[in-house]
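Q: Which chain is which? The protein sequence lines are A and B, in order. For any residue, its number in the numbering used here is found by taking its place in the first sequence, counting from 1, and adding 7. For any residue, its number in the numbering used here is found by taking its place in the second sequence, counting from 1, and adding 1394.
Just so you know, these hints were derived from the structure itself, not from any lab. Ideal Cβ placement from N, Cα and C applies to all residues, glycine included. Among the hints, erroneous ones may be present.
DEER-style ranges, computed between Cβ atoms [what the hints assert, rightly or not]: (1) B:S1789 / A:R123: 29 to 37 Å; (2) B:F1614 / A:H125: 45 to 53 Å; (3) A:G127 / B:K1656: 54 to 62 Å.
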Amino acid sequence: MTSVEMGIPEMPAPDYPAEVRERLEAEARAIIARYPDSRSALLPMLHLVQSEEGHVTRTGQRFCAEMLELTTAEVNAVATFYTMYRRKPSGDYQVGVCTNTLCAVMGGDAIYASLREHLGVGDGETTEDGKITLEHVECNAACDFAPVVMVNWEFFDNQTPESARALVDELRAGREVTPTRGAPLCTFKETARVLAGFPDERPGAVEASGSAGPASLAGLRLAKGESTPGVVAPRDAASDEEGK
Amino acid sequence: MTTVAPHDGEQDGTSPQPERGSADPQKLLTPVLSAHWDEPDSYTLAGYRRHGGYRALPKALAMDPDDLIAYVKDAGLRGRGGAGFPTGMKWQFIPQGDGKPHYLVVNADESEPGTCKDIPLLFANPHSLIEGIVIACHAIRSNHAFIYLRGEVVPVLRRLHEAVREAYEAGYLGPDALGPGKGLELTVHAGAGAYICGEETALLDSLEGRRGQPRLRPPFPAVAGLYACPTVVNNVESIASVPALVDRGKDWFRSLALGSEKSPGFTLYSLSGHVARPGQYEAPLGITLRQLLDMSGGMRPGHRLKFWTPGGSSTPLLTDEHLDVPLDYEGVGNAGSMLGTKALQCFDETTCVVRAVTRWTEFYAHESCGKCTPCREGTYWLVQLMRDIEAGKASSADLDKIADIADNINGKSFCALGDGAASPIFSSLKYFRDEYEAHLAGRGCPFDPEKSTAWADGPSSAHLEVNA
């Protein structure tokens, strides 16, 4: 996507195969129906086309433009503004290490460096087996669980370089991985479908990992007299208490 | 009812600082939104209803919308998303009888570095938001509400999808939700990764399917918001606080204030960083960081507080001088910062403030939407200079230069993102200029980042008892 084309304009992107197009059209119409104005459907529709091909292709952008009566330039302007839309083929699992200040200081920088070395990839790059794309991400609203790693936008709280390396090894080995908060991991494409507004139909996905993580309950437990003020519980034991 | 009894705010508000280590959490904390998060089904409709959920709704629907707005205004509820604007007043600005659709848009784009309250709230108690939305839509005469949730939190999105489905099934949403023939639709909309979309007008552009860039004001969203129609944009916690306020009454709500009378009510404080026990602490506005640290075990063992943010990285840094500042809009404002989102990021003496500010500056440069020049260019140049300063490759003139650039961003940008980018620069230079100079004199960073990590003191250190 970074290559600059000079001279002859690019040919229009090819369309989806007919059966794919038919399925996506029905889903796009369901998305459009949620809004008083069809253009509001563009962000969820970009998630939808991302769930089809794993990234936002020119074909996907053309599809969005046709469905919403926009130009492909208008769609491209939006698709390139938001960081969650990928512009090139990537792995099944997007591993994002928070390196905003608080997580970075608490160990996010060390985790990120360790994963880069362990996986042998740089920022935004994908392992050769096509399993993992490594990224650093910005603050993901889980600072009381720092340092945090997100995989396909599910929470892996209180990570260390060791736990993060073990995590990516499990993913590459194809074993089922369960986040600290969130549902057992599905692929990036399946995640993108939930983001398009189609509920996760897997049994137990909504219930998975309980009501709240341990840190979310810190104040409540104090208020109820269930933990002693001034005495610090070990971090890892705290998660056992919650029956996680 | 496991909720702690409403606290006698007057007594504590006028008493001197509690003795160190004597803070009684059972008296100071007031879990309302978080009161039942420890129950396994707190996020379900059944779990919410078991503790009085949706009890405020019929009471609110029986009120005249204008009376409801006046009630919320009298209670003194102020926006919990950062700016602290009175919620009832925002609702009152919506023109009535204008023949246009009205919209309520809930800002669930929680992305301000350090801020982590709305995400656990929505994960554990999404129905408090939905009940609040129905009440607010009655007040502003809206028949369509939106929740704009940042995209990067799929576990929360799942629970919102399910909670909205349950609410439709139970008739709290859908046809006749607001009375016979008065329906209410609620759409959950996932964003796609852009901090700027937390700015309310950028959020509206994003929700309209555009690049999330702020709009010129006026016109304000109350007049021309979503689809150029009157729109209220409220933070998650503001709206989620409304049901409890209506249920228990404005006098109860007003009684919850440890600081200024102008800042009443319960709210979520988020402790993070080098503290012994990070997490969510729901307390009346006006509690102090000292009280929160005293009750929760203080900083991690053997370390002391160096600097902290009262409400995310866009609020100027404070130091251990400010431990007794009441954490309400007035108290933190008087201390030269802003209450913001009550994201109390606490850093101890192992942390390099120049490194912290450099990273935040990189964040603002990355998230600058590019619409206005001071922010787009200014944050870029701040990053170049901060990286040089951190690496000890800069001169002392560069310290004046970053202050000058920050001054050219602050108040001169299109929206508050620029002001936020300037805050860490100004405040860190104010309190820690010597540390900047140490980087220059020593030709590098004098800190060992390994010492700041969560595992620096070994996994067993946290077993120790702490004298907070």
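Q: Sort out which numbered hints this structure fails and list those numbers smallest first.
A: Going through the list in order, the structure violates no hint and respects every one.
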